[in-house]
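Work out the full structure, taking the sequences as your base and the hints as a guide.
Chain order of the listed sequences is A and B.
221 is the number that numbering that gives the first Met the number 0 gives to position 222 of the first sequence; each next residue is one higher, with no gaps.
31 is the number that numbering that gives the first Met the number 0 gives to position 32 of the second sequence; each next residue is one higher, with no gaps.
Note that these hints are calculated values from the structure, not bench results.
Even for Gly, the Cβ is constructed at its ideal location relative to N, Cα and C.
Check the hints yourself; a few may be wrong.
Calculated lysine to aspartate or glutamate pairs in the DMTMM-like style (CA-CA distance at most 20 Å, straight line) [to be verified]:
(1) B:K190 / A:E12
(2) B:K244 / B:E228
(3) B:K190 / A:D55
Computed list of chain A residues with no C-beta within reach of chain B, every gap over 10 Å [what the hints assert, rightly or not]:
(4) L10
(5) T21
(6) D66
(7) E91
(8) E116
(9) T150
(10) T164
(11) T195
(12) V272
(13) A418
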Amino acid sequence: MSMFWSNAKRLREYPTAMIGLTIIIALAVMSIVTLVVIPYGEAVRLWRGGAAVWSDSPKNAWPLWYDWLKREKMPRTIVVDSRDPAVEKVVEATGRDTVDVTMDLEFDYPYDGFPPELTLFLTSTYRERRPHVSLKWITPDGREIRVASLTPTRSDSYRFTQDRTLQRRLGRGRVEELLFAVPEREPLVALNGPYTLHVEGLLFEEDATLDAKLVVYGVVHGLAGTDHLRRDLLIALLWGTPVAMAFGLLAAAGTTLTTMCIAATAVWFGGLVDATAQRIVGVVMVLPVLPILIMIGTFYSRSIWVMLGTVILLSIFGASILSYRAIFMQVRTLPYVEAAQAYGASNPRIVFRYLVPRVLPMIVPNLVILVPGFVFLEAALAVLGLGDPVLPTWGKVIQNANVEGALFKGYYYWILQPAALLMLAGFAFAMVGFALDRVFNPRLREL
Amino acid sequence: MSLERRSLEGTIAVDAEAVSSASRRARLATFTRMIRYTVIRLVALFFTVVAGVYLTILIANMGGYVDQIRRAQIRETIDLAASEDPALRLMPEEERTRIIEERVRLAEARLRLDQPFFVRSFYYLRDALTLNLGFAERLVSDSGSKQVRLVITERLPPTLVLFGTSNLLLFFTAIIAALNLSRRYGSRWDKLVMAMAPTSAAPGWFYGLFLILIFAAALRLLPFGGMVEAPPPDNPVLYARSLLKHMVLPVSATLMSALFFSTYSWRTFFLIFSSEDYVEMAKAKGLPNRMIERRYVLRPTLPNIITSFALMLISLWTGAIILETVFNWPGLGRLYFRAIGLYDTPVIVAIAVVYAYLLGLTLFLLDFLYALVDPRVRVGEGRGGRA
Numbered sequence: 000m001s002m003f004w005s006n007a008k009r010l011r012e013y014p015t016a017m018i019g020l021t022i023i024i025a026l027a028v029m030s031i032v033t034l035v036v037i038p039y040g041e042a043v044r045l046w047r048g049g050a051a052v053w054s055d056s057p058k059n060a061w062p063l064w065y066d067w068l069k070r071e072k073m074p075r076t077i078v079v080d081s082r083d084p085a086v087e088k089v090v091e092a093t094g095r096d097t098v099d100v101t102m103d104l105e106f107d108y109p110y111d112g113f114p115p116e117l118t119l120f121l122t123s124t125y126r127e128r129r130p131h132v133s134l135k136w137i138t139p140d141g142r143e144i145r146v147a148s149l150t151p152t153r154s155d156s157y158r159f160t161q162d163r164t165l166q167r168r169l170g171r172g173r174v175e176e177l178l179f180a181v182p183e184r185e186p187l188v189a190l191n192g193p194y195t196l197h198v199e200g201l202l203f204e205e206d207a208t209l210d211a212k213l214v215v216y217g218v219v220h221g222l223a224g225t226d227h228l229r230r231d232l233l234i235a236l237l238w239g240t241p242v243a244m245a246f247g248l249l250a251a252a253g254t255t256l257t258t259m260c261i262a263a264t265a266v267w268f269g270g271l272v273d274a275t276a277q278r279i280v281g282v283v284m285v286l287p288v289l290p291i292l293i294m295i296g297t298f299y300s301r302s303i304w305v306m307l308g309t310v311i312l313l314s315i316f317g318a319s320i321l322s323y324r325a326i327f328m329q330v331r332t333l334p335y336v337e338a339a340q341a342y343g344a345s346n347p348r349i350v351f352r353y354l355v356p357r358v359l360p361m362i363v364p365n366l367v368i369l370v371p372g373f374v375f376l377e378a379a380l381a382v383l384g385l386g387d388p389v390l391p392t393w394g395k396v397i398q399n400a401n402v403e404g405a406l407f408k409g410y411y412y413w414i415l416q417p418a419a420l421l422m423l424a425g426f427a428f429a430m431v432g433f434a435l436d437r438v439f440n441p442r443l444r445e446l
Numbered sequence: 000m001s002l003e004r005r006s007l008e009g010t011i012a013v014d015a016e017a018v019s020s021a022s023r024r025a026r027l028a029t030f031t032r033m034i035r036y037t038v039i040r041l042v043a044l045f046f047t048v049v050a051g052v053y054l055t056i057l058i059a060n061m062g063g064y065v066d067q068i069r070r071a072q073i074r075e076t077i078d079l080a081a082s083e084d085p086a087l088r089l090m091p092e093e094e095r096t097r098i099i100e101e102r103v104r105l106a107e108a109r110l111r112l113d114q115p116f117f118v119r120s121f122y123y124l125r126d127a128l129t130l131n132l133g134f135a136e137r138l139v140s141d142s143g144s145k146q147v148r149l150v151i152t153e154r155l156p157p158t159l160v161l162f163g164t165s166n167l168l169l170f171f172t173a174i175i176a177a178l179n180l181s182r183r184y185g186s187r188w189d190k191l192v193m194a195m196a197p198t199s200a201a202p203g204w205f206y207g208l209f210l211i212l213i214f215a216a217a218l219r220l221l222p223f224g225g226m227v228e229a230p231p232p233d234n235p236v237l238y239a240r241s242l243l244k245h246m247v248l249p250v251s252a253t254l255m256s257a258l259f260f261s262t263y264s265w266r267t268f269f270l271i272f273s274s275e276d277y278v279e280m281a282k283a284k285g286l287p288n289r290m291i292e293r294r295y296v297l298r299p300t301l302p303n304i305i306t307s308f309a310l311m312l313i314s315l316w317t318g319a320i321i322l323e324t325v326f327n328w329p330g331l332g333r334l335y336f337r338a339i340g341l342y343d344t345p346v347i348v349a350i351a352v353v354y355a356y357l358l359g360l361t362l363f364l365l366d367f368l369y370a371l372v373d374p375r376v377r378v379g380e381g382r383g384g385r386a
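Below, the structure written as structure tokens:
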């Protein structure tokens with residue numbers, strides 16, 4: 000084992016290995032932080048939450064870093080809620096059963112370009128009679144635009160874009176653009192300054208209430224952008240890290256260790272055991288691994304742990320058993336094994352305490368080199384639509400993007416970010432693995 | 000084989016007749032040995048393939064789980080048909096149930112679903128091994144047939160074209176580049192290849208995504224996917240051009256993901272072999288570089304090159320699925336993916352069986368080529384044959 004550490008120290012001579020190690024450590028830290036900050040249940044709730052969780056974020060918004068690359072200031076999401084104490088809200092009883100509620104939802108709009116969507120969420124309490132609400136849009140230059148009159152239900156939303164009457168009143172063009180544009184100028188330019196949505200509610204019951212929340216959706220949102228279901232991709236990207244690391248490391252460790260143990264057992268017992276092991280290797284070589292994985296994913300379970308188990312099972316008797324076998328054939332003849340046999344060590348003891356530990360350090364490079372393959376295998380399964388049904392992973396983000404035609408529609412961030420993370424993880428392990436390989440195989444070191 | 004023998008015959012010009020009769024006898028012995036070796040391997044491989052196919056069938060049916068889905072499907076179809084049948088609607092409840100049960104029983108018997116799965120699995124095995132692949136449940140071939148054999152054979156050529164091209168290109172480029180690098184190792188190119196080797200950690204489909212992003216989405220130079228334009232051009236020249244245009248991205252994706260690593264590992268491999276004593280000896284004799292490479296480096300490494308070629312073929316067969324899905328390539332892999340989406344068990348099992356056969360065939364080919372190039376096999380190991 001001491002030789003192992005002295006060899007491992009030699010890694011310092013390889014700059015690529017050090018870069019790779021740094022990335023791996025960074026990813027590990029990221030995984031731990033993610034697991035602590037967004038626990039499993041919370042991640043699943045957020046990712047599967049749907050409209051209830053994500054109504055305030057825009058659809059397919061670019062990540063914030065895109066804004067830094069662009070010269071214009073891209074619109075971000077603005078939320079103005081009347082429940083916020085800073086918002087002015089006047090409640091006034093005007094008659095025996097009528098109450099007037101006036102709210103001024105004010106916000107500043109300092110951005111270039113126009114928001115893609117504009118929605119007002121109305122929540123009200125009443126027994127029988129719905130409130131009456133009228134909306135007025137006040138621009139920074141003082142124009143007042145009548146927007147709509149509504150009678151909302153208890154929890155209702157008013158989408159500016161979908162209002163045909165408003166569209167007709169404003170003229171040609173998109174509603175959001177016309178509401179935010181400098182009047183009478185072509186091409187359309189956004190008018191910056193304070194905007195107000197004046198909400199006037201008429202309630203017909205004494206104890207009725209009315210609240211309003213205006214969401215001006217942004218073109219950029221969150222550090223990682225959002226997908227077609229308005230979900231913040233940051234959650235998937237963060238949660239993808241521990242999933243990818245766990246899958247890659249467990250699969251690599253599981254396959255190498257079990258394969259090695261089987262090879263050691265086969266070599267030690269020889270004869271029929273060895274022959275059987277070799278026959279099984281032959282059969283497994285004929286088995287199409289990926290198709291079988293896909294079959295299990297479709298017919299049985301798509302859980303990432305079932306997949307992991309299958310991958311390990313299928314790779315246990317992989318072709319690598321033959322190379323381990325060759326190594327153990329040499330180790331078996333070494334004097335210390337003979338000595339162990341002479342003092343009466345049992346067969347399992349010889350296999351697991353004498354043969355396996357001897358070869359263990361040699362498999363480290365192999366193990367590390369295998370990791371990227373499994374990380375990408377998980378992503379590949381997800382891209383085929385066989386990702387874990389609940390967990391957000393990198394591969395699933397890519398699959399979603401692919402299915403939604405992200406590349407075709409130009410939402411590059413959607414694929415680039417998870418792909419970059421995949422690449423980072425894959426290359427990091429590969430770089431460390433290659434360096435380890437050179438350190439541990441002296442024959443390669445000279446070259 | 001012939002190369003060596005020719006040089007042997009060229010250098011030793013003794014009694015020509017004696018040599019030729021001796022060599023004829025030796026050739027005959029070699030031939031019978033090789034036949035015996037091949038037959039033994041063929042039998043062993045046959046059993047291996049049978050076991051592999053049987054395992055695949057067991058997995059494809061999830062130990063009978065898929066049959067439950069099929070039974071439910073049969074019942075649903077028959078129930079639906081019965082509810083729309085005016086003659087049945089008027090019948091009393093009992094009579095109707097009896098008729099429906101009878102029809103379900105018949106339909107299940109037709110598919111042998113009334114027998115236990117264990118028995119049925121052997122029928123499946125027989126059908127699979129004889130390539131009697133049956134009929135697809137949902138998928139239809141382009142010509143409108145439901146025969147699985149036709150559905151599959153229709154999809155085989157696109158896969159072969161794409162993966163044959165990319166893998167042959169990859170294999171020969173890598174070996175030629177590796178030979179060049181091993182000749183002057185330590186050079187700038189050598190270091191570049193070594194530094195780039197870890198990029199092969201990412202698979203082809205992954206680079207495919209990037210290539211699509213750059214060349215199809217951003218630059219609009221090449222198509223997003225597919226095999227030919229729609230509608231396919233009638234003119235064969237235009238057809239070939241369209242095909243080539245669609246092949247550029249998937250082939251480059253495969254090359255990007257594997258070229259550096261294979262070049263790197265071949266280079267290392269050649270370097271190890273060219274530091275052997277007999278190569279040094281040949282160099283000392285002053286043989287030209289080309290000859291050293293051909294006779295003293297490539298010749299002894301031929302078995303390994305063939306092994307890796309066969310392994311590459313194996314990965315070719317199964318690696319196709321995702322790359323074809325990403326590039327919308329109408330090959331076997333995408334067919335497999337679609338069959339899975341539609342729960343079309345006959346097609347799924349058939350493709351898995353075809354894969355198993357192809358893998359078995361590849362392994363057999365490997366063994367045969369091994370027998371041709373490996374002197375230990377040719378001369379007969381441990382039988383005191385001529386060295």
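Can we trust that T21 of chain A is non-interface, i.e. its beta-carbon lies farther than 10 Å from all of chain B? At about 14 Å from chain B, T21 of chain A clears the 10 Å cut-off, so the statement holds.
Assertion that A418 of chain A lies outside the chain B interface [Cβ separation over 10 Å]: violated (6 Å)
Test the statement that T150 of chain A is away from the interface with chain B: the closest C-beta pair must be farther apart than 10 Å. Non-interface label on T150 of chain A holds, nearest chain B Cβ at 44 Å vs cutoff 10 Å.
In terms of Cβ atoms, is chain B entirely out of 10 Å range of L10 of chain A? holds (14 Å)
Claimed clearance of chain B by D66 of chain A, with the beta carbon kept past 10 Å: The assertion about D66 of chain A holds, with a minimum of 20 Å to chain B.
Are all C-beta atoms of chain B more than 10 Å from that of E91 of chain A? Correct as stated: the minimum Cβ-Cβ distance to chain B is 56 Å, above 10 Å.
Distance restraint between K190 of chain B and E12 of chain A, which requires alpha-carbon spacing of 20 Å or less: holds (15 Å)
Please confirm whether E116 of chain A is truly not at the interface, meaning its C-beta sits more than 10 Å away from all C-beta atoms of chain B. holds (24 Å)
So T164 of chain A supposedly isn't at the interface. Is its beta-carbon more than 10 Å from every beta-carbon in chain B? Holds, because the least Cβ-Cβ distance between T164 of chain A and chain B comes to about 38 Å, which exceeds 10 Å.
Run the C-beta distances from T195 of chain A to all of chain B and say if the shortest one exceeds 10 Å. holds (41 Å)
So V272 of chain A supposedly isn't at the interface. Is its beta-carbon more than 10 Å from every beta-carbon in chain B? At about 18 Å from chain B, V272 of chain A clears the 10 Å cut-off, so the statement holds.
K244 of chain B and E228 of chain B: Cα distance at most 20 Å? holds (9 Å)
Of the numbered hints stated above, those contradicted by the structure are hints 3 and 13, listed in ascending order.
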